[in-house]
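S.K.: The primary structure of each chain is shown beneath.
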Amino acid sequence: ETAVFQTPNYHVTQVGNEVSFNCKQTLGHDTMYWYKQDSKKLLKIMFSYNNKQLIVNETVPRRFSPQSSDKAHLNLRIKSVEPEDSAVYLCASSFKSSGNTLYFGEGSRLIVV
Amino acid sequence: QQKVQQSPESLIVPEGAMTSLNCTFSDSASQYFAWYRQHSGKAPKALMSIFSNGEKEEGRFTIHLNKASLHFSLHIRDSQPSDSALYLCAVSIHSGTYQRFGTGTKLQVVP
Numbered sequence: 001e002t003a004v005f006q007t008p009n010y011h012v013t014q015v016g017n018e019v020s021f022n023c024k025q026t027l028g029h030d031t032m033y034w035y036k037q038d039s040k041k042l043l044k045i046m047f048s049y050n051n052k053q054l055i056v057n058e059t060v061p062r063r064f065s066p067q068s069s070d071k072a073h074l075n076l077r078i079k080s081v082e083p084e085d086s087a088v089y090l091c092a093s094s095f096k097s098s099g100n101t102l103y104f105g106e107g108s109r110l111i112v113v
Numbered sequence: 001q002q003k004v005q006q007s008p009e010s011l012i013v014p015e016g017a018m019t020s021l022n023c024t025f026s027d028s029a030s031q032y033f034a035w036y037r038q039h040s041g042k043a044p045k046a047l048m049s050i051f052s053n054g055e056k057e058e059g060r061f062t063i064h065l066n067k068a069s070l071h072f073s074l075h076i077r078d079s080q081p082s083d084s085a086l087y088l089c090a091v092s093i094h095s096g097t098y099q100r101f102g103t104g105t106k107l108q109v110v111p
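Residue numbers (this note's numbering), protein chains in the order written: chain A, 1 to 113; chain B, 1 to 111.
Hints may contain errors.
Claimed, not checked - Taking lysine-lysine and the DSS-like style, the derived pairs with C-alpha atoms no more than 30 Å apart in a straight line are:
id	chain 1	residue 1	chain 2	residue 2
1	B	K3	A	K96
2	A	K40	B	K42
3	A	K44	B	K45
4	B	K67	A	K96
5	B	K56	A	K96
6	A	K36	B	K45
7	B	K45	A	K40
8	A	K96	A	K40
9	B	K67	A	K44
10	B	K3	A	K52
11	B	K106	A	K40
12	A	K36	B	K3
To be verified - From the structure, some residues in chain B lie toward chain A, with a derived Cβ separation under 7 Å:
id	residue
13	Y32
14	A43
15	A46
Treat the hints as calculated values from the structure; they're not laboratory data. A virtual CB, placed ideally from N, CA and C, is assigned to each residue, including glycine.
Here chain A stands alone, though its shape is the one from the complex (with noise of 0.2 Å):
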């Protein structure tokens, strides 16, 4: 059962152009989790949130911006996309202090023409 929500799944997009991604999450959690699937199906860390504090910020470009508003929603803005920014974006939540179980969204597949 999905308690992870993304929009949108899927967008197609000109270099140079601005893209978000939102994720909502149902479970209570306290942290929530960006992290980007590319085309050989790694998985990499972008941005951790915890109670509207980043945690983490990996050396993601800086066009990357998460925006959080509470503890169950955090954004990804893609200020002027590049080729390179075509993947799947995957959101994820958890509790900090209980164990480190992530529970991933659906994902948004982000193609950059």
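Since the structure of chain A is provided, determine the placement of chain B on it from the hints.
M.R.: Frame of chain A, contents of chain B only:
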């Protein structure tokens, strides 16, 4: 930076066989180890996790951890076609930190 590697890259096994998947990590301070399964076009879903050395069994799945060898594994007993998926191992330094994922093993179980 922690490196997490999986082997083999892909695997084809007959239905009913035992499947063994491997994961190695580079940071000896790692404390949390997990396996996820991702069916095609779907979200990764947690299978099992372990904190301390040894084995843990849940149904047909067994996870084995050897911290000294920087290695843990997943064993699937009586593999089924529905087990066909991408298997991802994940490691974190301690509870509450993000997980680094391995390179993945694509498993196909043929009838």
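S.K.: Are there hints from earlier that the structure breaks, and if so, what are their numbers?
M.R.: Nothing - there is no hint that the structure violates, so all of them hold.
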